[in-house]
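Participant: So you can see what is in the structure, the chains are spelled out below.
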Amino acid sequence: MTSVPSRMEATSEDGAQSVPAGKPDRDEERRLVERATARDQGAFAQLYDQHVVRVYRHIYYMVSDAREAEDLTAQTFLKAWEAIDRYKERGAPFVAWLLRISHNLTISYLRSRRDHSELDEGFVDSKRGGNPEESLEQATDERSVREAVLRLRDEQRQVIMLRFVEELDYREVAAMIGKSVPAVRVIQHRALGNLRKLMQQ
Amino acid sequence: MSDMRITGLAKPADSNDEPSKDGDVMEHKEMISLFPETDAELEGLAARIRPLPREVAPSAEFMSRTRLRLLQLPAQVAIEESRRAA
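Going down the list, the protein sequences come from chains A and B.
Residues in the first sequence are numbered from 1 upward in steps of one, following our numbering.
Residues in the second sequence are numbered from 202 upward in steps of one, following our numbering.
None of these hints come from the bench; they were simulated from the model.
We put the beta carbon where it would ideally sit given N, CA and C, even for glycine.
Heads up, some of the hints might be wrong.
As the list claims (entries may be wrong) - Distance ranges between label pairs, derived from CB positions:
{"hint": "1", "chain 1": "A", "residue 1": "Q200", "chain 2": "B", "residue 2": "A286", "range": "57 to 67 Å"}
{"hint": "2", "chain 1": "A", "residue 1": "D154", "chain 2": "B", "residue 2": "A261", "range": "17 to 27 Å"}
{"hint": "3", "chain 1": "A", "residue 1": "S144", "chain 2": "B", "residue 2": "S265", "range": "31 to 41 Å"}
{"hint": "4", "chain 1": "B", "residue 1": "A241", "chain 2": "A", "residue 2": "E147", "range": "16 to 26 Å"}
{"hint": "5", "chain 1": "A", "residue 1": "D85", "chain 2": "B", "residue 2": "R270", "range": "11 to 21 Å"}
{"hint": "6", "chain 1": "A", "residue 1": "S108", "chain 2": "B", "residue 2": "A261", "range": "25 to 35 Å"}
{"hint": "7", "chain 1": "B", "residue 1": "S265", "chain 2": "A", "residue 2": "R90", "range": "24 to 34 Å"}
{"hint": "8", "chain 1": "A", "residue 1": "R153", "chain 2": "B", "residue 2": "R249", "range": "17 to 27 Å"}
{"hint": "9", "chain 1": "A", "residue 1": "E167", "chain 2": "B", "residue 2": "E242", "range": "17 to 27 Å"}
Stated by the list, open to error - Output of the computed footprint for chain A on chain B, the stretches with three or more beta carbons under 8 Å from beta carbons of chain A:
{"hint": "10", "stretch": "240-247"}
{"hint": "11", "stretch": "250-257"}
{"hint": "12", "stretch": "260-269"}
Please model the entire structure based on the sequences and the hints provided.
Facilitator: If you want it as structure tokens, here you go:
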């Protein structure tokens, strides 16, 4: 282990059980969800306000295009509204349900686009700046990593994206996916192992 | 790191759902031996998974337009339902 705090271990995380992040917020959210499931559009709009950026960023990571990410984000919330009365709270925060919808929509979209690997070359240049050669190299690396991440199994991909793309700590990820902290650590370890194999292919 | 103790990892094969209930404790070295890769190898890979820049966000125009659309949906649903009922 290096002395520099690593991305794998840098965050506080060693609770043995999953701990809901921000309990008062969860209670408030639960109330909003209850109202939304009863077709209260105002409550659903508040849930939208709370989660739209996160859903958008999750989709953007997969499609790398702002317009496509916005379309898919809107579709996610439209689908969520259609299905909201069937939503069942199973311990994970509401956003986990939204992210699952957004993921399924995005994967379908990418499949229909056929060129699954088509990613926006301008992504790095426009968003990160820097030296063009380094940016190109970085873009190529990011593309191969992203493609491999998208090929991971559902649960593993989710953990990898939450940990390293959204930079949540183990405890937050555990709360998001309804697992214990040690389970998240194991899933992450296996996911990285699989990611490495995918990238060697 | 090497003296780190991790609970609930006594069952290696696909036992990643819950910590073991009997309070098993496994040394980190033991856990690592269950996997062919070392932390250092995987750490290099983890470092390549870059977070999105903070400025990646939907436009304000999109957010307000979509919010308005969502607020209008219940009426649309009601209209469709009444059409179906008719």
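Participant: Against this structure, judge whether each hint is valid.
Facilitator: Status of each hint after checking the structure:
| no. | hint | verdict |
| --- | --- | --- |
| 1 | Q200(A) with A286(B): 57 to 67 Å | holds, 58 Å |
| 2 | D154(A) with A261(B): 17 to 27 Å | violated, 32 Å |
| 3 | S144(A) with S265(B): 31 to 41 Å | holds, 37 Å |
| 4 | A241(B) with E147(A): 16 to 26 Å | holds, 24 Å |
| 5 | D85(A) with R270(B): 11 to 21 Å | holds, 19 Å |
| 6 | S108(A) with A261(B): 25 to 35 Å | holds, 28 Å |
| 7 | S265(B) with R90(A): 24 to 34 Å | holds, 32 Å |
| 8 | R153(A) with R249(B): 17 to 27 Å | holds, 19 Å |
| 9 | E167(A) with E242(B): 17 to 27 Å | holds, 21 Å |
| 10 | 240-247 | holds (count 7) |
| 11 | 250-257 | holds (count 7) |
| 12 | 260-269 | holds (count 5) |
Hint violations for this structure: number 2 only, all remaining hints satisfied.
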